[in-house]
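Since the structure of chain A is provided, determine the placement of chain B on it from the hints.
Quick mapping for you: the protein sequence lines, in order, are chains A and B. Counting from 1, position 68 in the first sequence corresponds to residue 236 in this note's numbering; the numbering is continuous, with no gaps. Counting from 1, position 213 in the second sequence corresponds to residue 276 in this note's numbering; the numbering is continuous, with no gaps.
Each hint should be verified, as a subset may be incorrect.
Said to hold, decoys possible - One side only, chain A facing chain B, incomplete, derived with CB under 10 Å:
hint : residue
1    : 316
2    : 325
3    : 341
Claimed, not checked - Rough simulated footprint, nothing fancy, chain A against chain B, three-plus residues with beta-carbon under 8 Å:
hint : stretch
4    : 102-116
5    : 150-164
6    : 210-224
What the hints assert, rightly or not - Each computed DSS-like pair below joins lysine-lysine, with the alpha-carbon atoms no more than 27 Å apart:
hint : chain 1 : residue 1 : chain 2 : residue 2
7    : B       : 214       : A       : 221
8    : B       : 214       : A       : 191
9    : B       : 100       : B       : 309
What the hints contain is simulated information worked out from the structure, not anything from laboratory work. Remember, predicted model here, so these are calculated numbers, not experimental data. Note that beta-carbon positions come from the ideal geometry of N, C-alpha and C, so glycine has one too.
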Amino acid sequence: MRMYLLSIVIGIVATNVSAQELKDYREFTLAVRDTLTLGIPSTMGGTVTVEAKLILGEPAIPTPAVFDFPLADESKFIRNFVDRIYLNDGSYLKIQGEEIPLTCIFLHGQDNRYSGKDDPLAPDFVLRVTIPANDYSCVGPINPGWPRTSERRELWDTSLSYVVRDPTIMLPADITVQYRRNIFAAYLMDLGN
Amino acid sequence: MKHLKLVLLLGIMIVSSIAKASVWYPLPVEAYGFGKKYPKAQSLLFAFDYGHALVYERLLLHRGRISNPADFERKILADVMKILQNPPTVKVEEDDIAPSYVDRFPLLLNLFDWSHLLHQFVLDVLATSQDRGPGMILLVNALTDQYQAAKPVAITDTCKTMDFMDGHYFSKAFRENYPSFNQLIWAYHWFQIRLYEDLLLPTEIERDAAVAATTEEFFELLSDLPDSAGFEMMPETAVEAPTFAKNFPKLPPAFDNNHMLHDIVSDLLVSSVVPFEALRREGIRMGRMALDPDAFRATTCGHGGGHGGTHGGGAGGQ
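Here chain A stands alone, though its shape is the one from the complex:
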């Protein structure tokens, strides 16, 4: 019932979203890389290697939620979409030999095609991918009950985050690994396999 009402509200506000676009946005989430090997340069010397493996599960929401950010020119807007898909058991972030369960994909996408952009370097889509560990309900990133129910604004304590500027190759960039609330910059290691 709640999701039904939500769909109605979305329909009123984002009237121009087609079923095909919703499908495309969901496809972005489904296309997130399912294995990653990351390096974290350490001031202690050497590089810490982190591995991620994702096994896709059921969507947490029926379709991506879509909302438009209006620009000064009322005919133009930046479209945003949010999607959540659960990950199945066996998904993990491997740190120091420990397999920490990754539990869902949270994708916040920005669709620039309606913004009137004329810079060829500006991407059509920017996808901000966050893959949290340990949150089986996939609620975050912000604790909606904060500050009344918790002193912590951020719900997730361990996660993998990155940005994708081109969905055709889904290359992760600006990668960070959050481990028990500490955040580390990481890079993609191409091991050639």
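Just chain B, lined up with the frame of chain A:
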């Protein structure tokens, strides 16, 4: 108009993000009303969270290096008693007390958090509802439905056999090695269950007296552990709170399954046959069983293993 639209849009983003939330948002209007009416009992519930977390963390940090369990138990019990005598007035976050435990048992933590919110809000409704009949039942049933709607973290309300708790290769390690801790945790659970029964008494005067008596009785149970508590088996909701079980038949199995899962964690933490490296995996496996209505499904509800101590059973005994 633009601003209004933006606010609306951001609102949608938030709503969509919590549709499957295990963070209960927005909170029910009755939330924490129990504590306004019964601050001492509410503080004890907060203290239980603290006590559970403290015991779990210390067992984990000292795992495999406890040469004298009786001495270890005595020292932690002394610390827990201090907390119970001077309990917190706000809910504590487990990762502030037990970061290692929180890191090691993520699924179980999610399940406990979600379940404990239901426990709390049911108490809140029973303590504050002006309607003592169908209206109150509707409110509790609505909470139950909301709880069960979050499928990834809702412990099943299907009755399970005691083998769910005691039928694993590591079972009973906790109660065999730490009998006082075990009685303490069962006393926590007894207290929670009995409050539900107390709050179903017909008049406010009776309810207030029953909550006060249960609180007093709880401390009697702890007066000389393990003998003072004397639980032969985990207290069961339908046995200790029969009126509650009759009015809300979906809740006793869900609560008992939660309590059994607590015992499972305790066993995992102290068992010598579970390697440290296997704890996270076994925790997830046990959590999946708690979610699965078919795992250890009982043919009939009620195990008949009620408390055989001196403090009676159910509000009718008061």
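Report the numbers of all earlier hints that the structure fails to satisfy, in ascending order.
Result: hints 3 and 4 break, sorted rising.
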